[in-house]
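Peer 1: Listed here are the chains, written in short residue letters.
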Amino acid sequence: MMAGLVLDGLLALLVLAVAAWTIGVCQTFAATVGFTVYGLLLAVVWMRLAAPDAALTEAAIGALTGVLLLRAAIQLAPSEAGLNRLRPALKLRLLAGTLAFAITATLAAVVFHLPEPAPTLVPQVTAQQASTGLGNAVTAVLLAFRAIDTLLEAVVLIFALVAVWSLAPDAAWGGIPGAQIKGGSGDVRAYLSRLLPPVGIVIAFYIFWVGADFPGGKFQAGTLLAAMGLLATMAGLIQPPPVASRGLRWALVLGTLVFLALGLAGMPLAGAFLAYPEGWAKPLILLIEAASMLSIGVTLGLLVIGYPAGQAEQ
Amino acid sequence: MTSITLFGLCAAVLIGLGVYGLIVNPQPLRKILAFNLIGSGVFLFFGMIARRGAASGLGGDPVPQALVITGIVVAFSATALAVALLLRLDAAGGPSGLDDAVDGES
Chain X
1 MMAGLVLDGL LALLVLAVAA WTIGVCQTFA ATVGFTVYGL LLAVVWMRLA APDAALTEAA
61 IGALTGVLLL RAAIQLAPSE AGLNRLRPAL KLRLLAGTLA FAITATLAAV VFHLPEPAPT
121 LVPQVTAQQA STGLGNAVTA VLLAFRAIDT LLEAVVLIFA LVAVWSLAPD AAWGGIPGAQ
181 IKGGSGDVRA YLSRLLPPVG IVIAFYIFWV GADFPGGKFQ AGTLLAAMGL LATMAGLIQP
241 PPVASRGLRW ALVLGTLVFL ALGLAGMPLA GAFLAYPEGW AKPLILLIEA ASMLSIGVTL
301 GLLVIGYPAG QAEQ
Chain H
1 MTSITLFGLC AAVLIGLGVY GLIVNPQPLR KILAFNLIGS GVFLFFGMIA RRGAASGLGG
61 DPVPQALVIT GIVVAFSATA LAVALLLRLD AAGGPSGLDD AVDGES
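From first to last, the protein sequence lines are chains X and H.
Quick note: the first sequence, position 197, residue 197 per our numbering, numbers continuous.
Quick note: the second sequence, position 77, residue 77 per our numbering, numbers continuous.
Bound conformation, chain H alone:
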């Protein structure tokens, strides 16, 4: 067991947690949050792959690292758009929850 494997497993659990939260939490904002958790898990997984590619003095493969940086910024812009949609829906008096998410609750 190395630190690299450890963070790889950590990423796997984060993705699982995110998927669970995305399905189970009825609040749309919580779904956005869970989706971000999945995203960060995927980035971390990629970072783990980059770390494995360490060679000739570099701590990790710079190509996946650069792609992760791009990914983090794009994920932020998608989150901002999702939040803006949600706030607009709320301001327009739209439904606050997603029906099928709370289907069958007591």
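For reference, chain X alone in the conformation it holds in the complex:
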């Protein structure tokens, strides 16, 4: 108990130190490297908070965010060079510090005055969980009890991608997203992107499959698929399809369409939108998860790749 508290204390200090470094360091590139490390440390914190599903998501999404920010930092380096030397006025720093301190102090006070006993929905979840046939309570919440949140989230992802794509210059619209990368078949990126994806794809499907009963699920699996695709793309071994491609667009909306269709079918069959007929919950949830995993993987990967820039702007 005591050893656990000491370890947690050290972990919290490490997280705060990396976070502070991310905010305070001069170079933007160094800050993004710090932020990538921070994402991995947060995954450990989630494990300590007994939330393995959140830990998997944080680790996977943290890595994608790292790639996104590192690449942006490199591209923006020339135009940010001047800004890196600027120091904000002392008055501004003092004001910001006071505001930040007030927010932290308020939240800290809240931590010590939370209601006792802690409110919890565990009894309701465990009472209903058997009807879904799922062993993982988090998956049961995501795909059955709060399915509407998960459905809307998939829609948000697609909207975000539409927004990113719509930033494309007129001339490049419909083209291949992101910067074109010339592959060198002999370099280490090409080697890694031949070595890792077979393993990564198997692990992704495993995480998806066990997600019904153990930590895992479509978000984590989809993120892993996206990472494998990005690896091969950045090594120049594969090229993302043009954004005008009909097949790509179907792949993007497949998960949401399956989810919506089965949700609507629930109205006549089970009496409510997004309700599952008795005894059919688990197979239907697995079907939704499989379709969503592919769509989420493609969407997340393309979000990192960015808008079609055409030839002129590279």
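Simulated from the structure, these hints should not be mistaken for lab results.
Quantities reported herein were computed from a predicted structural model and do not represent experimental measurements.
Each statement offered as a hint is correct.
So, partial list: chain X residues that the calculated Cβ filter (under 8 Å) puts toward chain H:
(1) ALA19
(2) LEU42
(3) ARG48
(4) ILE61
(5) ALA72
(6) VAL122
(7) VAL141
(8) VAL156
(9) VAL164
Covered stretches of chain H, going by a simulated chain X footprint (3 or more residues, C-beta under 8 Å):
(10) 29 to 43
(11) 67 to 74
(12) 77 to 90
All residues carry an ideal CB built from backbone N, CA and C; glycine is no exception.
Given the coordinates of chain X, work out where chain H should sit on it, guided by the hints.
Peer 2: Positioned in the frame of chain X, the structure of chain H alone reads:
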């Protein structure tokens, strides 16, 4: 002092750090980064609440945990959009900083 309280305080400090960075750092990319720091602090705070709801064999309340997972993915998509906007602005030759953030500097 328990581990749960400890991570709650950690989340509170992370949110404060993020707010400070959001206001003080003049580079837009650093503001996106700071905003993500605030977000992760809020998620962690939520995770702490979930951990307090542990009961009957479950390590934490699965409802807030599921919402956090949704939140992490949505936060990522918002970050990707913000970065894309920034890169497009840069490619179009727009201003690299936000004027009021560096107002009055020496």
